[in-house]
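Going down the list, the protein sequences come from chains A and B. For the first sequence, counting from 1, position 42 maps to 64 in our numbering; every step adds exactly one. For the second sequence, counting from 1, position 5 maps to 43 in our numbering; every step adds exactly one.
Hints should not be assumed to be uniformly reliable.
To be verified - Derived contacts from chain A toward chain B, CB cut-off under 8 Å, selection only:
| # | residue |
| --- | --- |
| 1 | Ala24 |
| 2 | Ala27 |
| 3 | Pro30 |
| 4 | Gly62 |
| 5 | Asn121 |
| 6 | Gly123 |
| 7 | Glu124 |
| 8 | Leu125 |
| 9 | Phe127 |
| 10 | Glu129 |
| 11 | Gly130 |
| 12 | Thr134 |
Unchecked claim - Not close to chain B: a few residues of chain A, all C-beta gaps over 12 Å, as computed:
| # | residue |
| --- | --- |
| 13 | Lys66 |
| 14 | Leu67 |
| 15 | Ser80 |
| 16 | Pro83 |
| 17 | Val135 |
No lab work stands behind these hints: they were computed from the structure. All C-beta atoms in this analysis are idealised placements derived from N, C-alpha and C, irrespective of residue type, glycine included.
This is what each chain is made of:
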Amino acid sequence: EAGVAQSPRYKIIEKRQSVAFWCNPISGHATLYWYQQILGQGPKLLIQFQNNGVVDDSQLPKDRFSAERLKGVDSTLKIQPAKLEDSAVYLCASSQILNTGELFFGEGSRLTVL
Amino acid sequence: QKEVEQNSGPLSVPEGAIASLNCTYSDRGSQSFFWYRQYSGKSPELIMSIYSNGDKEDGRFTAQLNKASQYVSLLIRDSQPSDSATYLCAVSSNYQLIWGAGTKLIIKP
């Protein structure tokens, strides 16, 4: 069974530039999560989708971050404009059911903002 | 503010010994508890889940839950150098998954 796919693995941009990350969850997983993980911290949920609907985006900085999951499968997370403090690993995860802690993570996308 | 607390470590344990990792949580209504392992530069991987008071064993790993004291622990028996990683505790509380910052475990050969 294929795991959660993410791209790109690494991205370096200047502040105020934009970046987009892509995620394809495990086949059949209806719930998709985007997390931000800063070195030395636990993952912070940015947004959670159930199929193509948003379940929780309370911690998404909506002035600069956006995410979509148009067909209920793959998803894109965008940052525009990027700030220095956005340097982090962006983790995509998926789960079979809603409201579970049993998540499957992709390899992550490491963003460095200079 | 719901919180999950873990000692950041590093916790250094000799190879072959038992490693004990602890986690406390603030929401008494929490129902589900999870341990994830995260190797350096890698993403978290679920290793144990526990839903009721007591012990749950899976190979060399044992999760222990005490809801009255609001703590959950992870024991690793016969620790191996390959167990060196950061261990993240996650607690499901009111349909939210609250994460600790993790404990870094180092197994010394």
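Status of each hint after checking the structure:
Here the hint on Ala24 of chain A is broken, as its CB sits about 15 Å from the closest CB of chain B, past 8 Å. The beta carbon of Ala27 of chain A comes no nearer than 12 Å to any beta carbon in chain B, farther than 8 Å, and the hint placing it at the interface is violated. At its closest, the beta carbon of Pro30 of chain A sits 15 Å from a beta carbon of chain B; the interface hint therefore is violated under the 8 Å criterion. Look at Gly62 of chain A: its Cβ gets to within about 7 Å of chain B, closer than 8 Å, so that hint holds up.
Taking 8 Å as the C-beta cut-off, the interface hint given for Asn121 of chain A holds, the closest approach to chain B being about 5 Å. Because the closest C-beta pair between Gly123 of chain A and chain B is about 4 Å apart, less than 8 Å, the hint holds. Evaluation of the Glu124 of chain A hint against chain B yields a held restraint, the C-beta minimum of about 6 Å falling below 8 Å. Given hint, Leu125 of chain A at the interface with chain B, holds; its Cβ is 7 Å from that chain's nearest Cβ, closer than 8 Å.
Given the 8 Å rule on beta carbons, the hint for Phe127 of chain A holds: about 4 Å separates it from the nearest Cβ of chain B. Taking 8 Å as the C-beta contact cut-off toward chain B, the hint placing Glu129 of chain A at the interface holds, the least distance being around 6 Å. Taken as an interface hint, Gly130 of chain A checks out: its beta carbon lies about 5 Å from the nearest beta carbon of chain B, inside 8 Å. A cut of 8 Å between beta carbons decides the hint on Thr134 of chain A: the least distance to chain B is about 14 Å, and the hint is violated.
A beta-carbon of chain B is positioned within 12 Å of the beta-carbon of Lys66 of chain A; the least distance is around 8 Å. Listed as outside the interface, Leu67 of chain A is inconsistent with that label: its C-beta sits roughly 7 Å from the nearest C-beta of chain B, within the 12 Å cut-off. Separation of Ser80 of chain A from chain B is inadequate, the least Cβ-Cβ distance of about 9 Å not exceeding the 12 Å criterion. With a minimum CB-CB distance of about 18 Å to chain B, Pro83 of chain A clears the 12 Å threshold, and the non-interface call stands.
Distance to chain B confirms Val135 of chain A as a non-interface residue, since its nearest Cβ pair spans about 19 Å, more than 12 Å.
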